[in-house]
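K.L.:
Chain order of the listed sequences is A and B.
Start counting the first sequence at 1; every next residue gets the next number (UniProt numbering).
Start counting the second sequence at 1; every next residue gets the next number (UniProt numbering).
Just so you know, not all the hints are guaranteed correct.
To be verified - Pulled from the structure, derived: some chain B residues nowhere near chain A, Cβ distances all over 12 angstroms:
(1) P63
(2) F68
(3) G92
(4) Y93
(5) Q98
(6) R138
(7) F162
(8) M181
(9) L188
To be verified - With a straight-line cut-off of 27 angstroms between C-alpha atoms, the simulated DSSO-like cross-links for lysine-lysine are:
(10) K234/A to K217/A
(11) K291/A to K111/A
(12) K226/A to K117/A
(13) K131/B to K373/A
(14) K19/A to K153/B
(15) K381/A to K311/A
As the list claims (entries may be wrong) - If we take Cβ atoms under 10 angstroms as the criterion, some of the chain A residues that face chain B in the derived model are:
(16) H57
(17) Y84
(18) N169
(19) L255
Simulated from the structure, these hints should not be mistaken for lab results.
Built from N, CA and C at the ideal position, the CB exists for glycine as well.
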Amino acid sequence: MKIIPTLGLLMLTLFSCQKGEVISPNNYTCNFNFENSSQSHPRRSKYQAQLDDMTQHGGVVGVSMVVQDEDGLWLGTSGKADLYNNIDLQPCHITRVGSTVKMYTATLILKLQEEGKLNLDQKIAEHLSGDAIKRIKNAEKATIRQLLQHSSGIYNYIQSAQFQTASINNLIKEWHAEDLLHYAYDKPAYFEPDADIRYSNTNYILLGLLIEKIEGKALYQVFEEKIFQPLQLKQTLFAGKNPVPSNIIRGYIDLYSNLQVIESTYYSGWDYYTADGGLISNPYDMTVFFKALMLGKIITPASLQTMLSWKTPKEQDPEFYPIQYGLGIFRTETPRGVVYFHSGDAIGYYANMFYFPEDGTTVVYAVNSNYGKIDHAVSTKNAIEKILLATKK
Amino acid sequence: MSKTILLLLSFVPLYVYGQKRTPVLINLSFFNEATAIPFTQAFSTPIHPGLQIGTEFNLKSKPSARLFQTANLNYFYHHRLNHGISLYSELGYEQRLQFGPAFSALFGLGYLHTFATAEEFIFQDGQYLNKNDRGNARLLASLAFDVGFYVKKDQSNSPKIFLRYQSWLEYPYSPGFIPLMTHTNLHLGTKIFLTKKNLK
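Same shape as in the complex, but just chain B (with noise of 0.2 angstroms):
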């Protein structure tokens, strides 16, 4: 399990090195994921903690509006119940005003795998066994919307801190029991172009 995350982990630092000459741009956030209805609350405890990383392209640009393209790792922490880990890609559209503040709504789609926190017993034989988890595979579709502000208002290139409300969904969840499941994440995270030299 650990091995896989440091395997997605390491196409991350190889894909920025790759990228010699044009600044690559990353999306960086913390985020606390929550099972909860979307747009009933904004913030939930106790904190499952997430991160993700990412980077996007322009499909679509104009100095006030485009519409793009992302490419995540996501991964969560769900205390008691499980781990989760997503590579997803979401169609995105900004606009973005003269004097920095920019406006977001994204819909993704990806793969998530969970794994859970607890040990899990497997039954063979009659019996059950303490045997590794190999995870379970789930969908996930994502609708996010985001307020965020560019610290150099005049630059296409200028940093973003940005807070993102996510809604996403999980399917399938517990077959029989509850089908589909609902999650928020409410993400705190920065856009940032990384050049040759602050890759050093």
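Okay, chain A solo, but in the shape it has when bound (with noise of 0.2 angstroms):
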């Protein structure tokens, strides 16, 4: 009877614990030359005080942030960008910022429209067919205005418990738009379009699809070529290019909320390959962009005040300020003051970007580790008032 041992052993095998990756420290070197007021802005302390108690105090494994205001440009960082090489995160560091992507989507598709390409007041079905219409309900009905948003009412494909599950069934799946809209299939509406505003990534799957299909490129392609040749965002791409880059910072997850993290950086952000999420970036491009789409430097004036056309909905999280929705952007009364931002969350990731409308300064931190305990310096109310206190003057 030599079975159970056997079993035993097998048991034994593969109860390994996969080791880190080795990774040299240069392979995290980067150029970046820019003007910097780091060493002389008057609030420097300040800020890098504000760094430090999130990777000190609230368990953050690496935050980096960017602040351009009056006093000129700051840019900070503290923790790490790899605990298993013990690599100090720097602020040319690249990571995944998630949604922020959105406000990339949006301009792009205010400057095809720029172009003669298409309309906002358009039904995306006028130029999409097939299952991605026909079987998500208000598909056939939305315009792209009611996309860009969030006004469809079209179910977002995340609250599917069954892609919840299948995501964490296989965390290294490449997931491509059909994929992802499979779950949004034959799902009810949350309203009729135009009747209310809900959060919806599948909007932006759509869009992303409809970017693809008038300019017949991939996704990539059109963001390189329209936003960052031209604003020579040089640290910014999409994952759907090169999903897991060598010098991308590593991601780190609290999942069972006790400050144990484990590495998230090949789990998949589900996201690669489409327009709601996908981005790689760091702050000191995000604001680059988030500033010149401001000044009017990427689309018209007209077409921004477009995109910051508010709604609001009928219901507002009540742990979070009341957010007004504009297309691929959100406005907010703060106690620091009136606010444009944008959110984006990955796995092991977390970044914000926010623009103060009454002063100009351009706020952008990201992080490499989130959930759990994590959450609570990042990315809560309370988080979030406090890294925007710490930025006023």
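Join these two chains into a complex; the hints should help.
P.N.:
Below, the structure written as structure tokens:
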């Protein structure tokens, strides 16, 4: 009877812990030249103290932040880019910035309207067909504007419990638009188009398909040609081009809410190939983009005003400030002032970008850890308020 | 971690060798674990292999039906996420047909301990340190249905092969994010009776 010890040995063989990946520090080296006031900025100590508080007390693995205000451009970091290889985080390092890409997507759509290639008040079904339209409730009726503003009522595929468990079941699966849309097929719409506002990633997957259909090329190429290259965003790329670049900082998750993190860098963000996520960048490049957008340097002032046309959902998240929805951008009022913003989540990463129209200040921060207790230091109302107040003059 | 498993496994042969006169019933199965919504799919990929060994005893028994209790040691490996080892017991009901087939339903409760497959870094004194993973304690509840076949249809101690669909809940999972996780296991297993002769 040798089967039991044999099975025991089999189990012990399986029961081995995967060690971290050895990565040379040279791999994280980056060239980064720009006008930098970090060493002379009058509030540099205050900004740095905020970041250090996040890493030393909040359990954040690494945080990078840029503040661009009337006293110049300040960049700072705290914590680690890679725990296993003990690499300090630097401002030039690239990270995942998730749904912040929706602001870029909306910008691109407005740019295509300026080029006469579409009209925001056209139905998306005038450009797209097949299951993406037929099997998604409201997709036949919704306009491009409603998709941009989350007023289409279309079901958010991320809310599907089947999708959530499937994505955990295969953590390194590379999901494509059709795979994700499948989880929105035949699901009831939240409301009739334009009857209310509700955030839905499915809207932006459809907008990504629209961009590819109109331009006849991969999403990431259109973003590169129309936004990244003209603005010289050298640290920005789409995950669809390179899902896990070798120099991307490592991501970590506090899955069990006990500040015991595991690396999640290779866990699929599921939105690498779609326009609802999948952006890789850093706070500096994001600041350049946001500032250029607000100053009318990417789209015309008229298009920008269209983007900043606000609608208010009937229900608000009681744990956050009441927010209004523009086209790929939000507006809210904080103790620091009125702010336009968009946040982004990926597994192991989080980013947030803010623009204060009253004084023209831009604040962007990104972290390489999330979930569990870490979220209390990076993405809750209290955490955001603390970060924003630290940037107040 | 490995020592814990070795210790748990060591009880099984000791128990089996201890029963020299009475045949000992062993349930042994290989299974594929998945995080999935129960009863939405029978089989999923990628395969997360698992192994279960256990025993059972009758609470009430008739030739065509019985109520029984199981005791199981179970291990699974979920690629890139965690290993799990559980000890649990099920209350089962089996209906056996004269020509060999049998159908069962089982409800179980037990303890699960999971360990990350990747290295864990623990936050202490304002920094993350690479320390040994002590794992996470969980409760599990399961509901399973199986279809089996008794090879020797006339014998009460006949070997049986079975295919079992088991859905189970893990609690807590990720507090504040996903409080409860649902899993499914598809088992292919056998029930065998070990006697003194085949224990040697």
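K.L.:
Let me make sure I understand: some of the numbered hints might not hold for this structure. Which ones are they, in numerical order?
P.N.:
Of the numbered hints given earlier, those the structure breaks are 6, 8, 14, listed in rising order.
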